[in-house]
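Visitor: Each chain, letter by letter, is given below.
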Amino acid sequence: MDLGFIAQYFVNGLVQGITYALVAVGFTLFFGVLDVIKFSHGDVLMLGAFTALALFLGLDQLASPAWLSLIIMLCIGTLAMGLLGALLCKFLVLPLKESPPLNTLLITLMFGSVIRESVRLFFPNGSNPKPFPALLPEASINWGNLNLRLDSVILIFTGALAIVVTHLIIQKTRIGLAIRAVAQDEETARLMGIDFKKTVLATFALGSGLAALSGISTGLYYQEINFSMGLMLGVIGFSAAVVGGLGSIYGAIVGGLLFAFLQTLGAIWFSVPAYKDVFAFAVIIILMAWRPTGLLADRSAERV
Amino acid sequence: MSDLKTKLVLLLGVALSVIVLYGFLYLEREWEIGVLLVMVPLGVYFLKRANALTYYQHAAREMPRFTWISFALGVVVLIMLLRHEDFALLMLTTVLLYATVSLGLTIQFGFAGVVNFAAIAFFGIGAYSMAILNQHFLHIPDLLIIFFSGAISALLGALLILPILRTRGHYAALITIAFGILFRTFLEVNDVLGGPQGLRVSGLEMFGWDFGNSFPNELGGGSFYVAYAIVALVLLATGYLITRLIEASWLGLNMDSVRLDEVASASFGINGPRWKITAFMLGNCFAGFAGAVYAAMYGFIAPASFNLSDSLLLVSIVLLGGIGNPVAVIPAAFLIVVLPEKFQVIQEYRLLLFGIVVILILRFRPSGLMPRGLRQYFAGRFG
Amino acid sequence: MRQTVLQTKELTVSFGGLKALNGLDFQLCEGEFLGLIGPNGSGKTTFFNALTGIYRPAAGSVLLHGNDITGAPPNKIYAYGITRTFQRLRLATSLSVLDNLIIGNQRNLNLGLWYNIFNRKYFKQRLQEQIQIAEELLSRFSRDLAVHLFKPVSSLSMIDRRRVEVCRALISEPKILLLDEPSAGMTPDETRALMDELQHWREQYPALSIILIEHEMELINKVSDRCVVLNYGEKIAEGRYSEVSKEPGVRAAYLGED
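Sequence lines, in order, name chains R, Z and A.
Heads up, the first sequence is in my numbering, so the first residue is 1 and it goes up one at a time.
Heads up, the second sequence is in my numbering, so the first residue is 1001 and it goes up one at a time.
Heads up, the third sequence is in my numbering, so the first residue is 2001 and it goes up one at a time.
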């Protein structure tokens, strides 16, 4: 097995891993702030990709240059999904704050289902995979068996940048401080004058924006999107966040990369490609049984 | 209320229900069903105004056993009325089987608080068990095969027990979702189990009766589906009885306690894991039984029928009906299975519509259409 | 001399870096009524949680009749005859009062599948026993409480709920009872009635040992045989209330240093 071959798998895995990490970071943000599992996260990702596609198709008619289209797609896609996230929070999640947490899980799960079905039914020919434009440079470098695509590098870089920016927002800005305060102790944060509602809405918007970014990246990389891609990505992202430790951003990143690593391992070992998912999920389930609170998070004591 | 009066009220209730259900199952034209669909809520509204519903509820609480028997007989009457209608019987049987799975979910989720988004996977395990056992072990009686299918479902579910117990509510949900995906993927890549094309299943044969035969002419003749419908009814009736008995016993009490507050329960000696395991395995067993009968009836199963969206549909049945209320799953299952078959529009937008309905329920009426009442151990004074 | 039933040695509970309990040595004698006092956050409830297995101690040991039960899970603790009430009520509010009480009587329930599902006649008899026990117990604490037996706990007033929580802890006839501010929100009369009933109970069960967390010093003075005072997770005083209340360290803990 020569180096180039392995390096290829490595690079593919890394792109996947960063995508998963972005989704996982979103999950962790929601959970940290509101103790909420937003199961519709993956489908928001998918909707972001489809929104971008729709925009592209429109912009293409106007003969817009590739770079401009890309920028518009990114901006509007993330903003639109950010807005959707905030609306979801305002109308479906916050009102259920006093109900058992399972209800919030269910309502977001159903919301994801609704998004998925809506795209399948209302987007023209939605049930079939749709080609996504290749807006990134097509160049690639060749080293033996390794075909390093330039767009892979760009995507890895962008994904990492997004994570770093998110981290900076959380750690260095006022809204980030508010988010951390609410995540730690809602009551005290409110007493200290933090606007709980605004903070939660901002968190949802931020997380959903990240999802859109993830969706668009995935579309650019595979040059194809379909209405059910969100489901799998959502489950994977959630698993990654859980394995890394819900509430910990580093954990989410580790989890995302770990899952991609497991998939890559599975793809190399098993001849049937579909088994890679079975393998990865099985390992994740075992990990969750072994370390229920996650690999990185510290245990939180329950107040009795 | 005198005994006779109570019985009459109950029988009247059964008769009305049978008539309405017959209407829904038999009528084919959309406008006819539409009329029925409007009349029923109106009827319910007026009955409520006349306090007839509370009357009925009282009667049902006074004589639960009579209610159960009369409803079971009512469904038999319904089956007989529909004995020449292949498709109606198929629908009715599917409703009965889905309701059985939903009862399992009620025990898992409504009683013990164990989330299960892989109900269809356990249903599928039962189906595939029936397919394989029936094919390869011809000398084992079918009744036993059904039992084995349920047992296999329960045992495979046990694989998930450890991760589920060690993690909190939402993580357990994730584990069951992952398992559901795993199951479906596993089926598709495995040629032994038929792969994506699926498997053929031979029909049931019980007590000397081959279910492929039409219903005997001496009893009025009819579709061969009648036999399957009866089996499904027996399954549901038994499942319902078991669910109710669990609820009205220390078992159900402990499960509720674990669901509501596991720490406080432990402080009073209740072993949370024991009850969650019991509920989870029992519920999966129900799903396995139902899946086995389903497979035999359809004669063919394929991985495509065992999706996450089907599991969500089953969860929707439980939520729509009223979480923790065993009676509620039956009308809910009926609505969710039959309406899409009758209205093309609903069929196409099925998952979307039901998703929206569940969102509305969770937002505005989380206890469901028929909220669960207080535990009633026995008829009469006890609550 | 009465024998020691419960004892802790160097009991330490920490949350991350914070030591909620720090090397606590503690003794409870048979039949004793012990008051556990201290300012808010001094570790009283944490102590209960460590005793009952809800928190795992970081160090130290808990001994029951000389046997080490450190780290035993809550259901084992219950099996040993130790029950408790919670500072913030933890009743199952959607269930009936009867259900909540029966939950407290786990030890005396037959949980077998056969009896519960198939032998309904037997089950009915057991149920009627439980109903009777529950009714008697409730009426000791309040004349009208038994009326609410089949109603959901959510329909009860806070005071009645507190009474139900105490009854739930008593129904299994425990040997050691841990009460965490049971009279919170009660008027002086109601509190007196509660304490009177506990005294009656003690007369009926002389071996019952009680630890009472309370903020009302008058009460502690009246009912307790002895007190332990905690501050910042450590024991700062021990003895009869009359002696302990005069100690400068105790006064400082409550009122602050001058």
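Bear in mind the hints are in silico, worked out from the structure with no lab data behind them.
Please note: incorrect hints may appear among the correct ones.
[Unchecked claim] Here's a subset of chain A near chain Z, in silico, CB distances under 10 Å, partners left out:
{"hint": "1", "residue": "Pro2074"}
{"hint": "2", "residue": "Thr2083"}
{"hint": "3", "residue": "Val2147"}
{"hint": "4", "residue": "Phe2150"}
{"hint": "5", "residue": "Arg2168"}
Predicted model only: the values in this text are computed from it and were never measured.
Just so you know, even glycine gets a beta-carbon here, dropped at the ideal spot from N, CA and C.
Visitor: Evaluate each hint against the coordinates.
Guide: Against the structure, the hints:
1. Because the beta carbon of A:Pro2074 sits about 4 Å from the nearest beta carbon in chain Z, less than 10 Å, this interface hint is met.
2. The restraint placing A:Thr2083 at the interface with chain Z holds, with a minimum CB-CB distance near 7 Å, inside the 10 Å limit.
3. Hint status for A:Val2147: violated, given a least beta-carbon distance of 13 Å to chain Z, over 10 Å.
4. Annotation: interface hint on A:Phe2150 holds; nearest CB of chain Z at approximately 4 Å, less than 10 Å.
5. Evaluation of the A:Arg2168 hint against chain Z yields a held restraint, the C-beta minimum of about 7 Å falling below 10 Å.
The structure does not agree with numbered hint 3 stated previously, though it agrees with all others.
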